[in-house]
Structures are given as structure tokens and as C-alpha cells.
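Here the protein sequences line up with chains C, F, Y and L, keeping their order.
Residue numbering for the first sequence is 86 to 436, as defined by my numbering.
Residue numbering for the second sequence is 86 to 436, as defined by my numbering.
Residue numbering for the third sequence is 515 to 790, as defined by my numbering.
Residue numbering for the fourth sequence is 515 to 790, as defined by my numbering.
Quick caveat, the hints were computed from the structure, so don't treat them as lab data.
Model, not experiment: these values are computed from the prediction.
Please note that the accuracy of each hint is not assured.
What the hints assert, rightly or not - Okay, derived cross-link-like pairs now, EDC-like style, lysine to aspartate or glutamate, Cα gap no bigger than 20 Å in a straight line:
#: 1; chain 1: C; residue 1: Lys160; chain 2: C; residue 2: Glu139
#: 2; chain 1: F; residue 1: Lys263; chain 2: C; residue 2: Glu383
#: 3; chain 1: F; residue 1: Lys263; chain 2: F; residue 2: Glu116
#: 4; chain 1: F; residue 1: Lys187; chain 2: F; residue 2: Glu237
#: 5; chain 1: F; residue 1: Lys263; chain 2: F; residue 2: Glu245
#: 6; chain 1: Y; residue 1: Lys604; chain 2: C; residue 2: Asp99
#: 7; chain 1: C; residue 1: Lys263; chain 2: F; residue 2: Glu401
#: 8; chain 1: L; residue 1: Lys739; chain 2: L; residue 2: Asp753
#: 9; chain 1: F; residue 1: Lys263; chain 2: C; residue 2: Glu417
#: 10; chain 1: C; residue 1: Lys263; chain 2: F; residue 2: Glu383
#: 11; chain 1: F; residue 1: Lys199; chain 2: F; residue 2: Glu180
#: 12; chain 1: C; residue 1: Lys352; chain 2: C; residue 2: Asp332
#: 13; chain 1: L; residue 1: Lys739; chain 2: Y; residue 2: Asp753
#: 14; chain 1: C; residue 1: Lys263; chain 2: F; residue 2: Glu417
#: 15; chain 1: F; residue 1: Lys352; chain 2: F; residue 2: Asp332
#: 16; chain 1: C; residue 1: Lys199; chain 2: C; residue 2: Glu180
#: 17; chain 1: F; residue 1: Lys263; chain 2: C; residue 2: Glu401
#: 18; chain 1: L; residue 1: Lys604; chain 2: F; residue 2: Asp99
#: 19; chain 1: F; residue 1: Lys263; chain 2: C; residue 2: Asp402
#: 20; chain 1: F; residue 1: Lys187; chain 2: F; residue 2: Asp214
#: 21; chain 1: C; residue 1: Lys263; chain 2: C; residue 2: Asp114
#: 22; chain 1: Y; residue 1: Lys739; chain 2: L; residue 2: Asp753
#: 23; chain 1: F; residue 1: Lys263; chain 2: F; residue 2: Asp251
#: 24; chain 1: C; residue 1: Lys263; chain 2: F; residue 2: Asp402
Stated by the list, open to error - Chain Y stretches covered by chain C per the calculated footprint, using a threshold of three residues with CB under 8 Å from any CB of chain C:
#: 25; segment: 677-688
#: 26; segment: 691-705
What the hints assert, rightly or not - Here are some, though not all, of the chain L residues that point toward chain F, as calculated from beta-carbon distances under 8 Å:
#: 27; residue: Gly686
#: 28; residue: Ser693
#: 29; residue: Val705
#: 30; residue: Pro708
#: 31; residue: Leu709
We put the CB at the ideal spot given by N, CA and C, even for glycine.
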Amino acid sequence: MSAVRFIDVRKSYDGKVDAVRALNLDVADGEFLTLLGPSGSGKTTTLTMLAGFEQPTEGSIFIGAEDITRVPVEKRGIGMVFQNYALFPNMTVGENIAFPLKVRGLARAEIAEKVGRALAMVRLEGLADRRTLQLSGGQQQRVAVARALVFEPRLVLLDEPLGALDRQLREQMQYELKHLHERLGVTMVYVTHDQIEAMTMSDRVAVFNTGELRQIAEPRRLYEQPESLFVAQFLGESNALPGTLGDTGVVTLPGGERVLATAVAGKGAVTLVVRPEKVALGAAAALCANCFPATLLEVSFLGDQLRLRLAALGREDFIVKLANAAGQGTLEPGTAIQVGWRVEDCRALGH
Amino acid sequence: MSAVRFIDVRKSYDGKVDAVRALNLDVADGEFLTLLGPSGSGKTTTLTMLAGFEQPTEGSIFIGAEDITRVPVEKRGIGMVFQNYALFPNMTVGENIAFPLKVRGLARAEIAEKVGRALAMVRLEGLADRRTLQLSGGQQQRVAVARALVFEPRLVLLDEPLGALDRQLREQMQYELKHLHERLGVTMVYVTHDQIEAMTMSDRVAVFNTGELRQIAEPRRLYEQPESLFVAQFLGESNALPGTLGDTGVVTLPGGERVLATAVAGKGAVTLVVRPEKVALGAAAALCANCFPATLLEVSFLGDQLRLRLAALGREDFIVKLANAAGQGTLEPGTAIQVGWRVEDCRALGH
Amino acid sequence: MPSATRSYWLIVLPALLMLVALYLVPLANVLVISVTDPRPGLGNYGLLFTSSSVQKALLTTLRIAAITTLLALLLGYLVAYAMRAASTQKQRLMLFCVLLPFWISVLVRSFAWIALLGTQGPVNAFLVGSGLIAEPLALVRNETGVLIGMVHVMLPYAILTLYANMRGIDAGLVAAARSLGASRLQAFRMVFLPLTRPGLIGAGTLVFILSLGFYVTPALLGGGKVLMIAEYVAVQINDTLRWGLGTMLAATLMIAVLGALWALSRVVDVKRLFGA
Amino acid sequence: MPSATRSYWLIVLPALLMLVALYLVPLANVLVISVTDPRPGLGNYGLLFTSSSVQKALLTTLRIAAITTLLALLLGYLVAYAMRAASTQKQRLMLFCVLLPFWISVLVRSFAWIALLGTQGPVNAFLVGSGLIAEPLALVRNETGVLIGMVHVMLPYAILTLYANMRGIDAGLVAAARSLGASRLQAFRMVFLPLTRPGLIGAGTLVFILSLGFYVTPALLGGGKVLMIAEYVAVQINDTLRWGLGTMLAATLMIAVLGALWALSRVVDVKRLFGA
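Next comes chain C alone, as it looks inside the complex (with noise of 0.2 Å):
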């Protein structure tokens, strides 16, 4: 049985634009699910629905067996980690995690016990003590997690939980929650507009736009195998080259090129997406099915990676990326070079 389900869903406003329209979302038990999509999306409506702070206009809403869609927010038994972590000021570090407790009148040594684990969990402790203002960033959506988890829900929401934190912490807190969820195996859903701490961190992803869920699939799978344009564009950079698909997998190029691609669409126009970490260059590109001429124009230092700027197939922006690998040769602005990408990199999307 799944955790959450969502069954046709529907949410305005205003009654006359959809935040979100035609839902149908189910969370596995256990499962790290991530909403991810450009604001005004749709994902924090849906979060925000399920949290019971917005009614859905229509549609229905479960957790396990029970329909919660009119269920009051403080009767869910969800535990909610907020963007700016909305730790009470006038509150300690400890009164903060005991909260949830204390309102569900447990007794005060079980709830001790409970913030002081808690506590431990987060690696905070003998903070109990401080003042939230007084915390770090890192620290203070340390104490929300506790505090969205001390009491043990069936369901965690995060709610762009990373957002104000700088990158490096940020980086660290995604594998923090991470392993917190595997160690615990409670079902979390997660909102995010950042696509790689999406894919770094989730068991599936969501994408939205528009109000509506576009595709939900693993994180690889999303971004090797994404059925929309929306999707492949959303998630990383890509090469977008409109075509038109013939029989047989075949898209003739406006220049009269002909690629070989793996077909989502059906037949006429389409736009062939191939990203760039995934065309070979030189000797191996001979090797692929799909091989053109290019000449390299500009060469930009990442760091860990190159990213060159070829002209090809009739453009000016076809991006090819490159590990900085060891024994990388030079790559001198001006070169002819020859790219090439297999079938199964090169995806041909309906409009």
C-alpha cells in the first residue's frame, strides 16, 4: 500500500486558473520522493495540500487508508521541515523539539527522553539550552528536523529545507538528510527547484510545470530517458536541434542531415535532444552511429570539466562537455573535430 496517493486532484485560487490540475501521485512507504519544478510549478501547492494548510478544490487526498483531504493540519500527524525552518524565537533549542510533544500532552520525562535522542540524532547535543537565534544556519535546520521528526510521524515534508544555506553546507545537509532518511526509512517528500540536489538526493523524482506532474522516474532514468522537452531542458543542459522524424527513426535536420535517434514522438516534427557529456569527439565519434563534421570555436575552463562550444550541423552553440580527465589532450580553438553520439543518447521529443 502506498503511503501518500493523490487521486485527481485539483486546486484553484482564484476559480479560474489551476495551481494544479489532473494529480495523480502515489509515494511508496519508505520512499525518498522529490517535487521538482520551476516556481509557480505546482509543487508547493501540492505540498502544501498535503500538509492540509490549502483544501484541494477537487480531488481527494490519502495517507495509507485514511482520506485526510478535510482533515484539520494539526490532526495529520505529519512532521514539516519550512524553507527558513520557522524555529520559535521564544523558544530554547530544546523547548523547540519538545513542542510537538508538549501540545500532545505526553508526560515530561518521556519528553526529555524523546528531545534528548532527538537531539543526538541531529549531532546537536548539549545545545538544548541555546537560544535558536544564536544557531548557525546548518544548526538551526538541524533543530527543524528534529523537531519535524521527535514525534515520530508517518509522513516528513521538507519544504526547500536547503535553500537558505550557502553551497558548500548545503552540499553536506543533502547527504546529512539523505542518510538520516535511509537510517530511519521514513517516507519524506521533498520540494526543490534545484535539479542536481533533486537527483542526488530522491529514490523518484516529480517534475511539474504548469500545474501539472510532467514525468516521475527514477533520477537516472528521468535525465537519460525524459519524455518531454520540458523535462530534458529542466534537467540539465542539452543539445536541442528541431528535425523532422521520418519512418524508421530517422530525423532529417533543417540542413538535410539525417540522425539516427531513439523516437518518443510520432511522426513530423520533433526536437532531437543530446547532451552534451554524451557526444564523443574524434576517433570515438567515427565509431557511433550518428557522425558529423564540427569545427571547435571556444573552449571554457570549468575545472572538473571542459565545455566546448562547436559549430555543427548548422550551428554556433553545440556543447560538448569533457571530464578534465588525466591525459586530456589540448583542444586549440579553430580544429576540425568530429562528433558523434550513439542511438540510444539522442532522444526525439514531441512538441
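Once you have looked at the hints, place chains F, Y and L on chain C.
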């Protein structure tokens, strides 16, 4: 002759702590130089002194042959682009760009002509009469650039001009600024704390930390041949392994493993630095001068890269990065695998 | 940077001197008179302990200021809370009502209350006409009238102070409390109310201090029967020309005000409270 | 969400009703009296065009309000500009001086000026004693005194409004102007001054409106010789009991104030100006 020269410059705001000290820095004519460092490293103070908003406590600054150490801001003839653009909200786009020409007393017709050309340069033709608040972030940025260039300054300073833009626009503007620099050939000094931005755009990068210039070099050289642990760790990710440097470039790790390294420091305690993308796996590792057994612990999928965490050399945080290139084999956590790297990709840095 | 420093002082110094001359000198002069007129010494201040009419005025002032403060806080909290919950459009209407008094002369508003609450006024006419009461109620020219007028004048200060405080409270905190299992009432009592404490203290001090020194409203709505300190001072100086007694009471008022402010600054961050 | 809507109205509605009852009803009542007493009709408003004493009070009021506004803007701009330039510590001292008047009774401050500027006061004593003048100057109980007192009372409003406006101006803009080749003066004239226009308009309107209706300061420092509208209203209602004339003038004042506010709202974003 160099375009800008700092000679023995020291700056202290409070007479106690030096914001910048012992700074000697030459900027070549027509160069794109980036000042890179964490906040409080002195990079912004350096730019502020060059612009003329602050005077050095000691030392001199030359532009060309002229000592400008005590020349007031408005007489320096330097174009500057500010982090928040600093567009005058009481003026239109055209009036903003005309401002430096107006205060220089140019004739009306000449002003109109130059403003027109500057607008065309940043591709904002037809927007001269817009109010600046009606512009998007990217457009405001372009107006700020046009205003700083319109009076043909001998030097242009840019203070984190892309900091306020979102990721995608930021990357696009990086290339635009770089191409503008290539076309005009004007000397540019750029401040940022984003290492990728610095490496992508610059002819040379000057890395600052705690008021000192730590290293100045071309991006690739800085990344691959850092002279200090700070520079190695500030630019990109690295595996940092403490050890002891003996004779003939051999470093002994705490577990007794012997690593052949390029020695930058003298004998004694050193830190070995190996970039994650320079590490070879499996059969390729066996061909390297340094080769050690390891166990794969975790694979994170980042889209265009795979980030592996391994147990190796007595640590559990040895990181390897692979391009998610065509035909990448599968990697299962728990697998035993060899890691290896070349002598030239492994530097022993002093403390 | 000697030139920058010089131009800095050229700007700041005259402004500082002017502020001191305009605001500190006249008040210092009041202090001086209070210990020199009619003869040097603390004789005037002795009256605080000996004169029963002075003591009565002091007690009346404290009582009215305290009741006004309580009522203004109670009503102000309700209004500020409602403003926070209201839609932008309703918020604007409420803000307009609250700011209106600042623009319209206190004198005009005092007379408006006299007209409304007088024995011939519409309120009594309605109450008598509807048969609810037989005789018109005495709503002005007594302490009831003063209190109505004072609350009316002070309420905007309480509302604005409390509203500024409440606006600074992240709405997400109450939502977080709810999501953690607290009922509406628990979330208010355990999270929202404690966070408005600085606002309550600030608004209370502000209203109390302003009430202590208020003149027009008590003088007009009290009809000479409810003598508060400010009116007492006016009578001493204008009518009986006892400058020493008048300035002594004025100085006492000032010292009390500064003392209250100092006490407040120990409890909350005054600067943050008023967004300065 | 019917339950959420219901509890929303349970909070907002009483607050809205209370605000209307406290602030709009008394003022509406004043309007009603002005067209019904002593007899229905616009007779009272006719006096605006026929009575020379009413016209004289109106002119005096407009003249004093205008001069006060000009002086307060001039001095206020200087102080606000200096506060912006000052160090945090000096800023705090200046802010203290500026906020002080809000805490201390207007009545006390008016008497403080009378004591300071009177013929026996320290200012005249110093000027005569130092031989600068032979006879004491008449500094109070005339228009000079009223103006000094009014500027003193109004200056904080001007300073705070201008300061709020100036604080919102990015210091980087003046720096940018300098880096683009503008001298100090050019940067001030072409960039800073135009950006303080909303502050000048806002502060000007605020001071002018408040000056129009001010009572205590002109009444005390004018010594009965400088009759402004508010005092004229007080005399009509308190002494001669001509409610119709008094309320007509009060209503005229209110309408003028609302008209000025409406005009202001056409020119600048009032809400933004006061940070509401």
C-alpha cells in the same frame, strides 16, 4: 607597460587589522583579471582602492604611468559596474547612459550618438526611453555595462555584477561579458567569489585570502598547479590527504601507504591534493604511478557527472568524479575497485 | 582623508548644535526655573509630598493614564490582530481609519466627542428615544468622557506599535505550530502571544507616557472637573502665575517620562520596536 | 474553507466596526452639526466669504502653516542629511533629540519656550547683558513666538519623514555618480536631490496639514494675539457657544486636510512613504 600597478599597498580601516597587506599586483594592458576570494579576503577592498572610494594606508597605485593614489574618484576616468547595478531610478535608460558624458560637458549631438552606439553594443536598441525599474535583471545589467563603457574609460571595474541574476541568466551574461571584452580590448578588473565564473571568464585570476594575494595565474594553471592548500580547496573539490614528505618526492600517509607526488613544499608534514576527476578506476588505475585498492561506498548521480564515494587509503571520503559519458558501465556500492592517479596530478602542499 | 572628515563635520556639527539648542536648552531651562523660582532650592519639589491638591492631580493622572493604557492595549491588540489577518483592501481601510486621527486636529476631535456624547447629543437622544434609559447619561465633563477621549486619541499609537510588532512575526511560525499538532488556541497562546510581548510592552509604555502629559482632551472632555497634571501646570502658569510650581510639575513629568523610557530600554530593544 | 472564512470575519468585523464607530462617527456628527445649527442650511459656510474675522483667522493660519512648513523642510533636510552621514553613535544621539518631543507634553514644551524667550528669560538676559541690544526683544506672545514653537513641534515630523526617504536611497547611487565623473555637487544635484523629492513632498504635506489644525502651541506662544483656526474654533465653542460656526470651521479644516491628502496621494505613493 602594465595598465594597473599596485606597489606595496596596505589598507587598514581601523588601524589594527589589515584589510589588505603587502599587495603587489600588475594588470596587463587589455587583460581580463579576476579578483577571487571568500568574503573578507580583501578582494573588494582592492577594487575599492583602485576605484578611488578608499585610499591605501600605505603604498601607491598607478594607472599607466600616472600615480593615482590620491586622485579623487571622479578624476580617475574608470568605468565601474556595481553589484546591484546602481542605475539612477530618476532617469531613463538613455539618461543613465548619457550621465558620464553629460558631466563631462559633451555636446548634445555627440552624447546622443555615443548613447545610441552604447545601446547597440549591449543590444538594447529602442529601450532608451524606458524607466530603469521596468527592465529585467539582465537588461539592467546591460545598461550598467553600457554606462560604464560609454565614455571610453581606460579601465573598467566590475564588482560581482552577476551576483543578483539567476543561474541560467548568469551563465549567459558570463559569455556576453567575455565576448564584449574580446571585442573592445579594454582592460577589465572583475571581482567575484564564484570560482567557476572566475575560471570561465578570466585571462588570469588573483586569489585572495585574509588580506593577502595568495596566487595569481591563468585559470587552468591555478586549478591544476595550486601553490597552497587554500587555493586548491577554494577552486573546486579535492581529496586532501595529510602525510609526510620524504626524499625523492615520496609521501608517506598515516596508514603507511607511499604516494609519488609532485613536491611543492619542503620535507616534513604536507597535504596531498588529488582532484576527483583526475582519478582513474579499475584497469586504467593499474597503469598509474599511484595505485591503491578501494571499495565503492556510494554513487551520487548529478546528471552530467557521477560522484563516487570510496573507502581508500584509510578514509571513507575519497571522492572520484566521472563524466556520465556514453557507455559508462554500472557501478554497484560494495564493489572492490582500484583507484590510481599520475604523479603530475598529485601535489604535496605545505602548511 | 582629512578633507572627507572636514566636510563630514561641516554637515553634522551644525545639525547637532541646532537639535541641542531647539530640544535640550528649553527643557533644561524648565529644570532651572523649577529650582530657582520663587527662591533657590528644592522647595517646589517639597509640595509633591505636602500639597493635597498636587497629590490629587498626580493620582488622577496616574489612574487615568493606567486605565487608558489598559483599554488601548486591549482594543489595539484586537484591531492589530485583525489588520494582520485582513485582506489587503480591508487592511488599507483599517489603516486609513487608524491614521486619520493623526491628520485631524486633536481639538476638533475633542469637540466632536463633546457634541456626540453631550446630554443633547445623538447618543443620549438615541438611548432615551429608544426607551433604554429614562434620563440622559453623563458621558462628558467627567472621568468617563476623559477616558473615552483619551482612548480615542491613544488607540492609534497602540495599534501602530502592535501592528509593526505583529508584522515582524513570521506567519510561518503559527503554521509550523499547527503542523506540529497545536490547535489554533495552543498556537496563539504558546507561540503568537509570547512573540507580541515586546509590542505590548512598547505600546503600553508609549500610551502611558503620552497619557501622562496630555492636555487638550482631558481639559475639554473633563470640563474642568478632571484635573490632570498638564492642565494643573497650565493653570499654575497661565492663571496664577506660579512658575515655580508649574515648572516643578513639568520637570517631574519629564523625569518620569525619561525614567519610564530608560526602564523600557532595559526590557526591549526600543530601536527595533519603532523600526528606527 | 467555510470555517476559516467564518473565523476570519469573527476577528475582522468587530475591529472594523469599532474603528468606524470611534473615528468616523464623531467626525460625521461634526459635519451634521455644521449644517444644522443654529438652523439647517449652508448658512455657516457663508461666513467663510462674509466674516472678516473668520477670513483673518484663515489667512493667519495659512500664512503660519506655510512659513512653518518652509522652515521645517529647510532645517529638517539639513538634519536628515546629517543623520544619514553621521556615525551610528551620533545618529543615535540625533535620533534621541528628534524623538524626545514626541514623549514630552506639547504643553510643557510650549511653556519652556515662553520661559526661555520671555522678556525676563535667559535669551533676552544674555543679549541685553552682553550689550548686543538695549531693550529686550519681543520673542513670544506674537507671530515670532508662534513660528518658533511651531517649527520646534513640526521639525521632528519633517526630519523623520525625510530621513525615512533618504535611508531608502542606495548610497551606491551617489558613489556610482562620482565614479562616472560627477563632482560632489553634481552628484547631489543630479542624483540625490531628485530622489528626495517624494520625501520633500511628503514631509511638506504632513507638516502643513498638522500646522493647520494645531492648537496648544499657537494658543500659548501667541498669547491670544495670533488667532489661528483651531483657537478660533475653541473660542466659538467654549466661550461664545456658537456650535454652528465652530463646527463649520472644524469641518472646513477636515475637508481641507482630506483634500490635501488626496492631492498628495496623486503625486507620491503615500503608503510607501510612511513604510505602511
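Ascending list of hint numbers which this structure does not respect: none
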